[in-house]
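*Asks:* Sequence lines, in order, name chains A and B. Residue numbering for the first sequence follows UniProt numbering, starting at 1 and increasing by one per position. Residue numbering for the second sequence follows UniProt numbering, starting at 1 and increasing by one per position.
Honestly, the hints are just simulated from the structure, not real lab data. Some hints could be false.
No more than 30 Å apart at the CA atoms, straight line, and that leaves these computed lysine-lysine pairs for DSBU-like [unchecked claim]:
hint : chain 1 : residue 1 : chain 2 : residue 2
1    : A       : K21       : B       : K373
2    : A       : K268      : A       : K406
3    : B       : K373      : A       : K406
Just a few of them, taken from the derived set where beta-carbon distance is under 7 Å, the chain B residues facing chain A [stated by the list, open to error]:
hint : residue
4    : L58
5    : T61
6    : D63
7    : A196
8    : E405
9    : A489
Which residues of chain B face chain A? A partial, calculated answer using Cβ under 10 Å [as the list claims (entries may be wrong)]:
hint : residue
10   : G372
11   : L375
12   : W377
In this text, a Cβ means the ideal position worked out from N, Cα and C, and glycines have one as well.
2 protein chains.
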Amino acid sequence: MLSTMQDGHLSISTLLRHGSKVHATSTITTWTGSGTRRETFAQLGAHAAKLANALRSLGVTGDQRVGTFMWNNAEHMAAYCAIPAMGAVLHTLNIRLFPEQLTFVANHAEDQVIIVDGTLVPLLAPHLAEMKTVRHVIVANGDAMALEAPAGIEVHSYDELLAGQPDTFDWPEVDERSAAAMCYTSGTTGDPKGVAYSHRSIWLHSMQVCMTDSMRLAESDKALAIVPMFHAMSWGLPYAALMIGASLVMPDRFLQPGPIAEILAAEKPTFAAAVPTIWQGLLQHLDANPQDISHLREVVVGGSAAPPSMMHAFEERYGVPILHAWGMTETSPLGSVARPPADATGERRWQYRYTQGRFPASVSARLIGDSGKELPWDSESVGELEVQGPWIAASYYGGSDIDPEKFHEGWLRTGDVGKISSDGFLTLTDRAKDVIKSGGEWISSVDLENTVMSHPAVAEAAVIGVPDEKWDERPLVAVVVRHGQQITASELREYLSDKVAKWQLPEHWTFIDEVPKTSVGKFDKKRLRALNLEGKLDITHF
Amino acid sequence: MLSTMQDGHLSISTLLRHGSKVHATSTITTWTGSGTRRETFAQLGAHAAKLANALRSLGVTGDQRVGTFMWNNAEHMAAYCAIPAMGAVLHTLNIRLFPEQLTFVANHAEDQVIIVDGTLVPLLAPHLAEMKTVRHVIVANGDAMALEAPAGIEVHSYDELLAGQPDTFDWPEVDERSAAAMCYTSGTTGDPKGVAYSHRSIWLHSMQVCMTDSMRLAESDKALAIVPMFHAMSWGLPYAALMIGASLVMPDRFLQPGPIAEILAAEKPTFAAAVPTIWQGLLQHLDANPQDISHLREVVVGGSAAPPSMMHAFEERYGVPILHAWGMTETSPLGSVARPPADATGERRWQYRYTQGRFPASVSARLIGDSGKELPWDSESVGELEVQGPWIAASYYGGSDIDPEKFHEGWLRTGDVGKISSDGFLTLTDRAKDVIKSGGEWISSVDLENTVMSHPAVAEAAVIGVPDEKWDERPLVAVVVRHGQQITASELREYLSDKVAKWQLPEHWTFIDEVPKTSVGKFDKKRLRALNLEGKLDITHF
């Protein structure tokens, strides 16, 4: 029996209409380096309409892809609104991709137009010749004349192109399951893989961001979106802000601790979102240059695990609670949020807050063990996390033959390994591909790394599994010694001896100058493994 | 271009699985008159599975309808979960319907089974013989033996039927657009009309209830659901509580001010929901029997307009803010919620809070004037409210020929008349059918009634339009004088003269013993108009 309820409605055009009308006076503030420029949501509505008209005038039609190569600013926000609302697909290009990845994703998505920030032109320009479908480049916040494009690509000034365009647009109806926006993941293996979010998934995800037990975004908020708009949709903040009327503060390219502190002082946001390295940098800056940041009701940290020491420092020294969250590009990205149960107090409350968080109703989770069997939620059983839900990817863009291993039985295999408590809190211990399978037990490379890095003489440490006849795999620790310090493998092994289980104690150690990194700054263990296979590491064995 | 996102997931079975696992320790507490009985969400999961198995054993299959004729209690909550999760459709029968309406809705929905609370058996039993599709009646919380059912209907004891049933159930996959639950509206014209909520609409509505700028329901809440589960799904609280892990307190049949005060003292809920008459009654009780109720972070009031004096009394005397909201059975029911913008303070804040509230992104609204043209949101233009959204009815159950006037161009005509501010706050002034159209202007019958009722000698006043040759319509005021008081039409007209615009001043007055009421206690203006047409009112004309 069919319901009698209305269908449709879940679309970026509805969101834009709502935000620009009901929350007309909410604002998007963009930092200029020395001050701000401000646009109301009513102006954003007109701005987005002008951009949509401009893109139509360049021939953008149907569900063609329009790329952005931009910082977080008002123009990027207009692109977030205009492109999906006109029925096209927003493709946020990650400015930190390696050149070959960048051309790959632009070609794979078949971008027709790219909007680029003036300051990012030098990063993009050298690769335009290899972007086979791009016909137009629009330079925002900078000088279009400075870009010499290859033949076949027209260059436009954003301001000139939009000037004179009508400030209304007849936004078409779209199917809620059609793609609204795309983002490619930059894994360490193979080509980047595209995730295409739907109008529906973005709508549901935005509601989640505004739920009290999630990020709690409200009309009363002024949200500083530090996490880039080219990185998992800035964790959903732009669309959620439009939904609820929260004002947005955009740092543009000023992501260093000093400018962030300046933005905090000038705009006094109530909420902010960024990866741990940003908060670590800000913490050091604040410790050296004290400043009241208690206007922040909460800041959300994800992307990688937030160190407990940092969580305590922000809360105890600055009165700002850190909300730990987990997600990935394939999960839109909101997967879990570490808001403790109401009855957890004191140390128990902190233990909940250190976790990657609790699963909301829209994200079903299960743990799969080595044998492929589902594991219990007992805070002990360790397996690979699989998730399911309306804002979780079912496949990668381009067909089900792209990395089919990531999806099975309707679940996304996250590649993350961890355990879940009986009340649905996730604790991650490793990436599935990095976990070390030793004698039927799993050793977390991340736990070992953190323990080694807790030694004051160690700057960085990366752990990989190496083949072992008896145990299948055993850990190899690659250590970067802190500048001016000295330490031996024996001393580190001794240091670890009372900190990890005896059977986890690594036998293989090497000292390197630097841990190889991926384009987004994560440890590149693939390269480390390659160096080992090529015999380029000088290893001490115990 | 299709997105790569997963589909499905939005279903009551997902909700039940989530709530009973992730929020296993949250509770449903049912008031027994002298104390409580408590069930955890984990127990609710098992309870619902037993009920689903029991219903299957009675032959309930596919999308058959199962009726409930129950108070708010743990058994009704199990029915809310089990019936939609097993793929059947929950039909909440309003115990306050007139007998002919009750048999009409049971027959129209083709209910196969009815679950009835023992104390409500006397209300249901006399009508069972006319309910043509009912095959089984299950008596909960009472003596099944006391019910003598007509031939063809089997009577079961709820407890005996569930005893021994398995406490797990293989919940089937359902299409999210299929019906999960039904509710009939009891209008004053024609037969009741059915609204069939979908799994999808309930899911989205539950998310809205948990949004910070909506009802703000959270895991930390203990919500007292006074609004009946047979009345617009108890405003979505049961499903939203399951989604977020909020504990529920159910008053069962104890809805009088004394017992409600007892429940508040015993359970100290943080949140509550009820119509204004309940709060008015509680207020009088509390004023006579003072009690600390500041454990309530907020209470939501809807169903009809909350008098400002009551809102002030609760906030200023008891420290409990009243959140005013508007909705109807056809809107699931959350339409708008009066949470003021963050920058509104003092008197301006109160002015926002008196309104029916602001439209969320999932509810689009427009005002249609007399000429059928859309009116601006300028806080002045008065028209009929039309709404659109994923939890708004597109038609009534039974086909598009049932009251087609209520729906046009994809919008629901609410039958409510009012104005909207530029920032999306709704102020209702009347029901469309009650508004008085005088010389091209609209006179609000509700405003006139409230003004007349502000006179201390007036107990009740109802205003209807009567035909007028010159002005089309003019108001007729029917007054019920307060016991022991005396007042004349001239005196009331004089009293009004400096309170309403001159052209609104009523010329026609009548005194009656009582305003006729509908089954849900609203003024029955249809009957008042009939009395007038039949010449049964003694009217003073000026």
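*Asks:* Hold the hint about B/W377 up to the distance rule: shortest CB distance to chain A must be less than 10 Å.
*Replies:* holds, 8 Å
*Asks:* Does the closest beta carbon of chain A sit nearer than 10 Å to the beta carbon of B/L375?
*Replies:* violated, 14 Å
*Asks:* Taking the closest Cβ pair, is B/D63 under 7 Å from chain A?
*Replies:* Where the cut-off is 7 Å and the nearest Cβ of chain A is about 4 Å from B/D63, the hint holds.
*Asks:* If you draw a straight line from the CA of A/K21 to the CA of B/K373, is it 30 Å or shorter?
*Replies:* holds, 19 Å
*Asks:* Given a cut of 7 Å on the nearest C-beta pair, is the interface hint for B/E405 held or broken against chain A?
*Replies:* violated, 15 Å
*Asks:* Is the hinted pair A/K268 and A/K406 satisfied, with a Cα-Cα distance of at most 30 Å?
*Replies:* Between A/K268 and A/K406 the Cα gap is close to 42 Å, so the pair fails against 30 Å, i.e. violated.
*Asks:* Can you verify the interface hint for B/T61: is its Cβ closer than 7 Å to any Cβ in chain A?
*Replies:* violated, 12 Å
*Asks:* So, as I understand it, the hint says B/G372 touches chain A; can you test that by seeing if any CB pair is closer than 10 Å?
*Replies:* Nearest chain A Cβ about 21 Å off; hint violated.
*Asks:* Given a cut of 7 Å on the nearest C-beta pair, is the interface hint for B/A196 held or broken against chain A?
*Replies:* Nearest chain A Cβ about 5 Å off; hint holds.
*Asks:* Take the shortest C-beta to C-beta distance between B/L58 and chain A; is it under 7 Å?
*Replies:* Given a least distance of 19 Å, the restraint on B/L58 is violated.
*Asks:* Is the hinted pair B/K373 and A/K406 satisfied, with a Cα-Cα distance of at most 30 Å?
*Replies:* violated, 53 Å
*Asks:* Quick one, is the B/A489 hint okay against chain A at 7 Å, beta carbons?
*Replies:* violated, 44 Å
The structure shown violates the earlier hints numbered 2, 3, 4, 5, 8, 9, 10 and 11.
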